[in-house]
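Participant: Could you put the whole structure together from the sequences, leaning on the hints where they help?
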Amino acid sequence: MGVALSDINQTISTAFGSSYVNDFLNQGRVKKVYVQAGTPFRMLPDNINQWYVRNASGTMAPLSAYSSTEWTYGSPRLERYNGIPSMEILGEAAAGKSTGDAMKFMADLVAKLPAGVGYSWTGLSYQEALSSNQAPALYAISLVVVFLALAALYESWSIPFSVMLVVPLGVVGALLATDLRGLSNDVYFQVGLLTTIGLSAKNAILIVEFAVEMMQKEGKTPIEAIIEAARMRLRPILMTSLAFILGVLPLVISHGAGSGAQNAVGTGVMGGMFAATVLAIYFVPVFFVVVEHLFARFKKA
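Residue numbers (our numbering): 49 to 349.
For the record, the hints were derived by calculation from the structure and aren't laboratory data. The hints are all genuine.
DEER-style ranges, computed between Cβ atoms:
| hint | residue 1 | residue 2 | range |
| --- | --- | --- | --- |
| 1 | R283 | A185 | 34 to 44 Å |
| 2 | L224 | V78 | 44 to 54 Å |
| 3 | M280 | V193 | 27 to 37 Å |
Where a beta carbon is used, it is the ideal one built from N, C-alpha and C, also for glycine.
Facilitator: Pasting the structure below:
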């Protein structure tokens, strides 16, 4: 008869169970608007024969033409959440998956349900979703704190820029490593990303600190100082970075209960540290010379 199953479900759901339309203000309070069949027309199973659904040709087809009713068992428990009929779903992430993966999977499932069906997180899931929304602000604050700490340490506004320009390299490495393993951007990865910001700056600090010291005490040019500093600090950078990478390796390869969170943290931090170590050796000298040159021209102007 050219009637879609979704249209039938929507009609029955609206007639017997109500359907949310919108909100309206009444005496300063927000109230919800629902559409539902009148009480006399939804009290008996046979009332379904009085309802019609629009088919593909645009005409109204009676539900009784392709449906029937029978008695069966229903749920003994009816729940409401924020005044809306709801169903509580409890569960935990499967082995090898993080809670962020499970939450994303559930959100994708709900997106495939008919119109009018939504979801809301509660408990720890709500806190995790709330924390994920705060991640950009935390990243910005961490960058500002690191920059101000470096500015106070070196008593200069130019030198911290040489260090902070390396941070995106570590972040890119963390994102690539996580993407290659098929992991999601959940709260555990975001915690690891905050750690990566500090670790990326650490390698640059080891080089820049020696360069600044040689410029001040030995009178070397920025190019001579940064090349000598990179050569002298290469071994300490490799030793500390390699020790850290091997230290988080158990998190990367862990299996079983809770391994999803461990994989998310370990993979992101390891990828960020690897990229920050390899690329910092080449890019920190470039950043240092460019920043020193720009600020020198600014001071002369």
